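A.B. asks: Here is what each chain is made of, one letter per residue.
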Amino acid sequence: MSKKVAFLQGNEAAAQGALYAGCDFFAGYPITPSTEVSEVLSAELPKTGGKFLQMEDEIAAMAAILGASLAGAKVLTSTSGPGLSLKQELIGYGCIAEIPCVIYNVMRGGPSTGMPTGPSQSDVMCAKWGTHGDHPAICLVPASVQETYEEVIRAFNLSEKYRTPVMVMPDEIVAHMRERIVFPEPGEIEVTPRKLPTVSPAEYKPYDTSFGDVPPLAAFGSGYKFHVTGLNKASDGFPTTKANLVQAEEERQVRKVDANIDDIVTFEEYLLEDAEVAVVAYGSTSRSARYAVNVAREQGIKAGLFRIKTFWPFPDKQIKALAGKVKGIVIPEMNLGMCSLELERCAQGKTPILGIFRVDGEPINPDQILDKIKEVK
Amino acid sequence: MAFDYDKYLRPGKLPHIWCPGCGHGIVMKGLIRAMDTLNLKKEETAIVSGIGCASRLPGYIDCCTLHTAHGRAAAFATGVKMARPEMNVILCGGDGDGTAIGGNHFIHACRRNINMTYIIMNNYIYGMTGGQFSPCTPTGHKASTTPYGNPDPGFDIAKLAIGAGATFVARGTAFHANQIDKLIVEAIQHKGFSVVEILDDCPTTYGRRNKYKSVIEMMNRLKEVAVPVKAAEKMTAEQLQGKILTGVLYKDETKPEYTAEYAKVIERAKAAK
Chain A
1 MSKKVAFLQG
11 NEAAAQGALY
21 AGCDFFAGYP
31 ITPSTEVSEV
41 LSAELPKTGG
51 KFLQMEDEIA
61 AMAAILGASL
71 AGAKVLTSTS
81 GPGLSLKQEL
91 IGYGCIAEIP
101 CVIYNVMRGG
111 PSTGMPTGPS
121 QSDVMCAKWG
131 THGDHPAICL
141 VPASVQETYE
151 EVIRAFNLSE
161 KYRTPVMVMP
171 DEIVAHMRER
181 IVFPEPGEIE
191 VTPRKLPTVS
201 PAEYKPYDTS
211 FGDVPPLAAF
221 GSGYKFHVTG
231 LNKASDGFPT
241 TKANLVQAEE
251 ERQVRKVDAN
261 IDDIVTFEEY
271 LLEDAEVAVV
281 AYGSTSRSAR
291 YAVNVAREQG
301 IKAGLFRIKT
311 FWPFPDKQIK
321 ALAGKVKGIV
331 IPEMNLGMCS
341 LELERCAQGK
351 TPILGIFRVD
361 GEPINPDQIL
371 DKIKEVK
Chain B
1 MAFDYDKYLR
11 PGKLPHIWCP
21 GCGHGIVMKG
31 LIRAMDTLNL
41 KKEETAIVSG
51 IGCASRLPGY
61 IDCCTLHTAH
71 GRAAAFATGV
81 KMARPEMNVI
91 LCGGDGDGTA
101 IGGNHFIHAC
111 RRNINMTYII
121 MNNYIYGMTG
131 GQFSPCTPTG
141 HKASTTPYGN
151 PDPGFDIAKL
161 AIGAGATFVA
171 RGTAFHANQI
181 DKLIVEAIQH
191 KGFSVVEILD
201 DCPTTYGRRN
211 KYKSVIEMMN
221 RLKEVAVPVK
231 AAEKMTAEQL
241 QGKILTGVLY
251 KDETKPEYTA
261 EYAKVIERAK
271 AAK
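Heads up: the sequence lines are chains A and B, in that order.
Just so we're aligned, residue 1 is where the first sequence starts under my numbering, counting upward by one.
Just so we're aligned, residue 1 is where the second sequence starts under my numbering, counting upward by one.
These are calculated hints, taken from the structure and not from any lab test.
Computed from a prediction, not measured in an experiment: that's the story for all the values here.
Mixed in with the good hints there might be a few duds.
Using C-beta positions, here's what the derived DEER-type ranges look like [what the hints assert, rightly or not]:
hint	chain 1	residue 1	chain 2	residue 2	range
1	B	T37	A	E179	56 to 64 Å
2	B	K13	A	Q247	18 to 26 Å
3	A	P30	B	K7	26 to 34 Å
4	A	D316	B	Q189	38 to 46 Å
Glycine included, C-beta positions come from ideal geometry on N, C-alpha and C.
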């Protein structure tokens, strides 16, 4: 049987990916350029008994998905820059209380209202550093409509597996372009269920590390009763200020991601084997980069592409190795040098990092990247 | 025989954090008696709060308890209730948490008329942070941030709730302890968003700045200003000057409840499939 094929927009694909992953609760607030996710899910979710809520503001939408997730739902919210800023308070809550949820954020120009309909990649640092305090961060940056669909599913899986908020951040170009998409069959892509408690309600503790760094999470209303707080907590969920417990819990929360980087980090290497110049790119910018690399090869320049698919945790190990192999790294990005700083950190001075930074709402074109490739000596 | 509060309290969590003379414990006992009257099952009851002294209440009660971020209780609770409409969802918190930083969530929960009960302990002050003025601090009164007297006019929480669309609104006081559970029982039984404001006291950060010599004086003030709605009907405007109405102030059983309305959305979506 041939697979179902469609011509979809990135945001529509994100909504379909969420449904494939078993999302049964969405709360959002209207914001350009991500509103299509809300529109699709407002129509689709109730068809199977799922819930769609349009809340009074971005913070409320984030709060509602956290509450629903604690009650056992698989939850999503969608937003864009200004909304991401507002959601940060409760993204931190999701991190410390360890509540699975997916935040789909379309990157538009900023700061503040910025350029609502213009593309940008300037939220990538906000994904890791936006909420206060130490916390784990997972952020996926798809580059096509198909990949947006698949990465939303992966985001749900990672969120459940590591019991933490996960962000999917396409730039506005990826979110609004239309492409062919081939839908997987049911069961073709693995969907990770939440790790539920195996102990009785009387024995249950919501942060019981005897089950590993990711403790099972019971649902409110399923027979288990427990306490959840945004304060630093002990294994029973109740607040503590005991220094040793707070230190251990904070370290464990971050370790959930740090100890599993190879499971989480994904990337694509294109013509890198013999490359002398590497272009590192992500999102829609990587599409221009691929074109530029192909043209460079035609002109006899040994160029290759390292495409970041998982922005956080950052592919430190791979970039470090790459920096030891090439004469220079070109980084085109629609911000004033955010990924560039991460590359500098990983490269440790072993190779020059040449940036192309655009924040004018225009995409970075292949010619610009090709010119920069040629600057590498 | 004395009422057994222990059956709803979490073992080992007392003493509570509240200061001597604070009325929050009186409200908590009222809530426990109400839960017992209604025979609410602990594992089917969620108690959701924000941040502040009053918001510490859920930690002491042996249910599904969610101590959220400042002001966000109503929005978290909406998520819990929509995901599991069969659960009893009770919110609690203080006046600053609910009407300032949480004001938007509060009025929209009222507007949706979602079947939850919100107990607001109004002690006219931000107690946990040391006594800053709240949207409920009376004009002219002293707080740590109004050393020359509060220039702000205050909210009437009950009127705000009624205006925003809540369908059950009641008010009691920490002095009238025996009325608290009765108001909460009626609120929980009501199908829709119910608000129970309990006028409370904060001797530590409010009383001492506003010339209340003792907790007893603060409690006596609650006794004196409170007038039951029934009694008020027979009083003149002059007699009602400076008084605060208590009891069930508003009840509307005709407005559709939100989870029931969303169940209809699901039916329509399934029919259109």
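A.B. asks: Could you run down the list of hints and mark each one as holding or not?
C.D. replies: A quick look at each hint next to the structure:
The beta-carbon spacing between T37 (chain B) and E179 (chain A), approximately 60 Å, falls within the hinted interval of 56 to 64 Å. As the Cβ distance of K13 (chain B) to Q247 (chain A) is approximately 24 Å, the hint placing it in 18 to 26 Å holds. The hinted range of 26 to 34 Å is not satisfied by P30 (chain A) and K7 (chain B), whose Cβ atoms lie roughly 46 Å apart. For D316 (chain A) and Q189 (chain B), the hinted distance range of 38 to 46 Å is not satisfied, since their beta carbons lie about 58 Å from each other.
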